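Colleague: Order-wise, the sequence lines are chains A and B.
The numbers in the first sequence follow my numbering, run straight up by one, and end at 374.
The numbers in the second sequence follow my numbering, run straight up by one, and end at 245.
Be aware that one or more of the hints could be misleading.
Partial list, computed: chain A residues near chain B (C-beta under 10 angstroms) [unchecked claim]: (1) Ile62; (2) Gln203; (3) Arg211.
Just a sample of chain A residues kept apart from chain B, beta carbon distances all over 10 angstroms, derived [as the list claims (entries may be wrong)]: (4) Pro186; (5) Tyr231; (6) Ile234.
Have a look at the derived ranges for each label pair, beta carbon to beta carbon [said to hold, decoys possible]: (7) B:Asp243 with A:Ala45: 49 to 55 angstroms; (8) A:Arg205 with B:Val138: 47 to 53 angstroms; (9) B:Gln234 with A:Thr310: 55 to 61 angstroms.
What the hints contain is simulated information worked out from the structure, not anything from laboratory work.
What you are looking at is a predicted structure, and each value in this text was computed from that prediction instead of being measured.
Ideal placement from N, C-alpha and C gives every residue a C-beta, glycine not left out.
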Amino acid sequence: MSEKRLMRGTHVLGEAAIRAGCRAYFGYPITPQNELPEYMASAFAKIDDAVFVQAESELASINMVMGASIAGARVMTSSSSPGISLKQEGISYLAAMELPAVIVNMMRGGPGLGNIAPSQGDYFQATKGGGHGDYRLIVLAPATGQEIADMTRWAFDMADHYRTPVLILGDGMMGQMMEPVIFPDPIDPASLPPKNWVLDGAQGRPSRIIRSLWLDMDREEELNWHLFRKYEMITKEIPDQELYLIDDAELIIVAYGLAARIAKGGVHRAREMGLKVGLFRPKTLWPFPAEPLRRLSSYVEEILVFEMSTGQMVEDVRLAVEGQCEVSFYGRPGGVVSTPEEIARVLASAYHKIPGREHRASAGMNGPGLRVTA
Amino acid sequence: MKKVFSRPQSLKDAPFHYCPGCGHSIIHRLVAEVIDELGIRERAIGVPPAGCAVLAYNYFDVDMAEAPHGRAAAVATGIKRMLPDRVVFTYQGDGDIAAIGTAETIHAANRGERVTSIFVNNAVYGMTGGQMAPTTVVGQVTTTSPGGRVPLRDGNPLDLSEMLAVAQGSVFVERTTVSNPKGIIKTRKAIKKAFITQLEDKGFSLVEVLSPCPTNWKMSPAEAARWVDEIMSQFFPPKVIKDVA
Numbered sequence: 001m002s003e004k005r006l007m008r009g010t011h012v013l014g015e016a017a018i019r020a021g022c023r024a025y026f027g028y029p030i031t032p033q034n035e036l037p038e039y040m041a042s043a044f045a046k047i048d049d050a051v052f053v054q055a056e057s058e059l060a061s062i063n064m065v066m067g068a069s070i071a072g073a074r075v076m077t078s079s080s081s082p083g084i085s086l087k088q089e090g091i092s093y094l095a096a097m098e099l100p101a102v103i104v105n106m107m108r109g110g111p112g113l114g115n116i117a118p119s120q121g122d123y124f125q126a127t128k129g130g131g132h133g134d135y136r137l138i139v140l141a142p143a144t145g146q147e148i149a150d151m152t153r154w155a156f157d158m159a160d161h162y163r164t165p166v167l168i169l170g171d172g173m174m175g176q177m178m179e180p181v182i183f184p185d186p187i188d189p190a191s192l193p194p195k196n197w198v199l200d201g202a203q204g205r206p207s208r209i210i211r212s213l214w215l216d217m218d219r220e221e222e223l224n225w226h227l228f229r230k231y232e233m234i235t236k237e238i239p240d241q242e243l244y245l246i247d248d249a250e251l252i253i254v255a256y257g258l259a260a261r262i263a264k265g266g267v268h269r270a271r272e273m274g275l276k277v278g279l280f281r282p283k284t285l286w287p288f289p290a291e292p293l294r295r296l297s298s299y300v301e302e303i304l305v306f307e308m309s310t311g312q313m314v315e316d317v318r319l320a321v322e323g324q325c326e327v328s329f330y331g332r333p334g335g336v337v338s339t340p341e342e343i344a345r346v347l348a349s350a351y352h353k354i355p356g357r358e359h360r361a362s363a364g365m366n367g368p369g370l371r372v373t374a
Numbered sequence: 001m002k003k004v005f006s007r008p009q010s011l012k013d014a015p016f017h018y019c020p021g022c023g024h025s026i027i028h029r030l031v032a033e034v035i036d037e038l039g040i041r042e043r044a045i046g047v048p049p050a051g052c053a054v055l056a057y058n059y060f061d062v063d064m065a066e067a068p069h070g071r072a073a074a075v076a077t078g079i080k081r082m083l084p085d086r087v088v089f090t091y092q093g094d095g096d097i098a099a100i101g102t103a104e105t106i107h108a109a110n111r112g113e114r115v116t117s118i119f120v121n122n123a124v125y126g127m128t129g130g131q132m133a134p135t136t137v138v139g140q141v142t143t144t145s146p147g148g149r150v151p152l153r154d155g156n157p158l159d160l161s162e163m164l165a166v167a168q169g170s171v172f173v174e175r176t177t178v179s180n181p182k183g184i185i186k187t188r189k190a191i192k193k194a195f196i197t198q199l200e201d202k203g204f205s206l207v208e209v210l211s212p213c214p215t216n217w218k219m220s221p222a223e224a225a226r227w228v229d230e231i232m233s234q235f236f237p238p239k240v241i242k243d244v245a
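Full structure from sequences and hints, please.
Modeller: Written out as structure tokens, the structure is:
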């Protein structure tokens with residue numbers, strides 16, 4: 001273990017990637033994540049055999065990632081929302097060709113060019129496909145600098161282990177925030193398990209093909225079921241979540257990433273008011289930690305989902321909860337960052353509306369964001 | 001008995017699916033012969049395109065990575081940067097390299113990536129059924145230029161190889177044909193030179209090969225070969241376009 005260092009999120013991610021054995025980075029400038037490619041460029045300049053290429057486009061960069069992965073490298077690219085849209089073609093191919101890679105999306109306001117403020121509007125894109133075809137991405141949602149460091153290591157390990165692309169979903173503020181971090185010890189890339197599928201020249205072995213075209217529909221169906229079984233295994237093995245102050249909670253707020261940090265502040269303030277509220281924070285967005293949330297939903301009166309969007313993850317929450325409790329939603333899209341006080345007001349308002357508590361409900365306690373009850 | 005003709009080692013024992021009179025079979029063979037001759041089969045990695053030649057991985061007996069449509073130069077960049085002592089080549093049609101993949105190709109050339117591109121120009125989208133390509137010549141009838149290509153409406157044929165020659169990082173660019181025996185011999189020489197350019201670590205190399213497509217041109221193989229020599233070569237003259245290797 002190294003000593004504690006104070007670093008911004010993008011730099012933490014870059015340093016953690018290098019310590020995970022990443023020796024290839026391809027990217028294209030876009031705000032708010034430019035500090036990550038800048039970190040990679042200057043760090044890789046000091047590492048023999050490490051490759052940094054600033055590509056001519058997001059398309060080129062994801063396809064360079066494909067090439068480096070085909071050659072066996074631990075490879076990463078990063079971007080922000082509009083750039084991630086452009087990379088989707090390549091991400092679909094990576095999934096089909098079973099190529100490990102780590103993709104970082106520091107989300108910004110959208111749709112379209114949107115703005116450069118932190119947002120969570122890309123949940124659907126990240127977890128429900130994004131590119132064409134029947135595939136899934138492992139999607140990790142860190143909420144602290146330390147978690148960025150830990151999850152980046154995890155992302156590279158899982159990408160190699162399952163032979164699948166992994167997306168780290170942050171936002172502009174997570175990338176900028178400076179927090180103390182303790183990094184895992186660095187890995188020597190040479191010590192990683194050999195990959196027996198890479199293309200490095202057919203020396204002393206038959207030639208290999210890495211492809212995604214299967215004109216024979218039976219072969220294509222076979223690939224789809226093969227991927228499906230892999231995704232089923234991932235769904236069993238890796239869902240992860242943080243549970244916070246849930247033991248006596250009657251109302252649970254569900255939020256991820258930056259929104260969960262704000263929600264936690266809201267939970268603190270609500271607890272100070274004597275409200276029995278807790279936080280459920282998915283750390284993996286795909287696979288979504290549905291089972292622990294479903295179990296929790298049979299003990300609580302209501303679940304409030306808070307997202308920096310008009311409501312995307314809330315659909316997965318409703319699927320997980322299966323109608324066992326009320327599910328409501330509060331959201332601030334477009335790059336607006338809520339305050340913990342605002343979330344505490346929303347929690348209080350929801351708490352007092354729980355059946356049997358109506359008499360205690362206070363008027364005018366709602367925040368300005370959209371609130372919908374299921 | 002002396003053996004005078006056999007299948008190159010770098011080709012698998014598999015029948016080509018290409019149409020009668022198509023240039024791909026000849027060009028595949030020439031690339032394989034050069035790989036054999038240079039003794040690089042065991043360190044060659046090929047990147048076929050989306051298009052008629054997507055199935056090239058069924059024929060070349062070297063490591064092959066299929067690229068998304070147009071992205072071969074970027075995929076090749078990723079492979080070559082990680083494995084600089086391997087020989088990396090792309091094999092692309094005109095729609096792949098000169099339309100949807102123009103940006104990737106120009107920038108790979110401009111960065112001087114040590115990769116070799118074989119650019120098969122048949123003036124038409126072959127696999128999708130004969131639509132107008134960036135290299136469709138003026139007046140040429142295709143399924144999407146039914147009255148013939150009109151520059152003011154459809155744009156002009158794109159001289160991609162000349163554009164690539166302008167890029168500082170490209171060191172060898174030649175245009176040849178496989179529509180006659182002399183052209184085939186020149187094509188082989190050009191492909192060899194392009195691979196040697198890469199082996200000598202000098203920069204980006206490309207061979208554009210004018211190649212007949214009798215099926216989509218709706219001609220006999222003999223007519224198609226003549227059309228390459230008499231019409232297509234006027235728009236795309238076979239020549240060494242750049243050689244600073």
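Colleague: If a hint holds in the structure, say so; if it doesn't, say that too.
Modeller: Against the structure, the hints come out as follows:
Evaluation of the A:Ile62 hint against chain B yields a held restraint, the C-beta minimum of about 8 angstroms falling below 10 angstroms. Hint status for A:Gln203: holds, given a least beta-carbon distance of 4 angstroms to chain B, under 10 angstroms. About 4 angstroms separates the beta-carbon of A:Arg211 from the nearest beta-carbon of chain B, less than 10 angstroms, and the hint is met. Its beta-carbon lying about 19 angstroms from the closest one in chain B, A:Pro186 satisfies the requirement of being farther than 10 angstroms from that chain.
Distance to chain B confirms A:Tyr231 as a non-interface residue, since its nearest Cβ pair spans about 22 angstroms, more than 10 angstroms. Look at A:Ile234: its CB is around 24 angstroms from the nearest CB on chain B, clear of 10 angstroms, so calling it non-interface holds up. B:Asp243 and A:Ala45 have their C-beta atoms about 33 angstroms apart, which leaves the hinted 49 to 55 angstroms range violated. For the pair A:Arg205 and B:Val138, the supplied restraint of 47 to 53 angstroms holds, since their beta-carbon distance comes to about 49 angstroms.
With their beta carbons about 58 angstroms apart, B:Gln234 and A:Thr310 fall inside the hinted range of 55 to 61 angstroms.
In terms of the numbered hints stated before, the structure departs from hint 7 and from no other.
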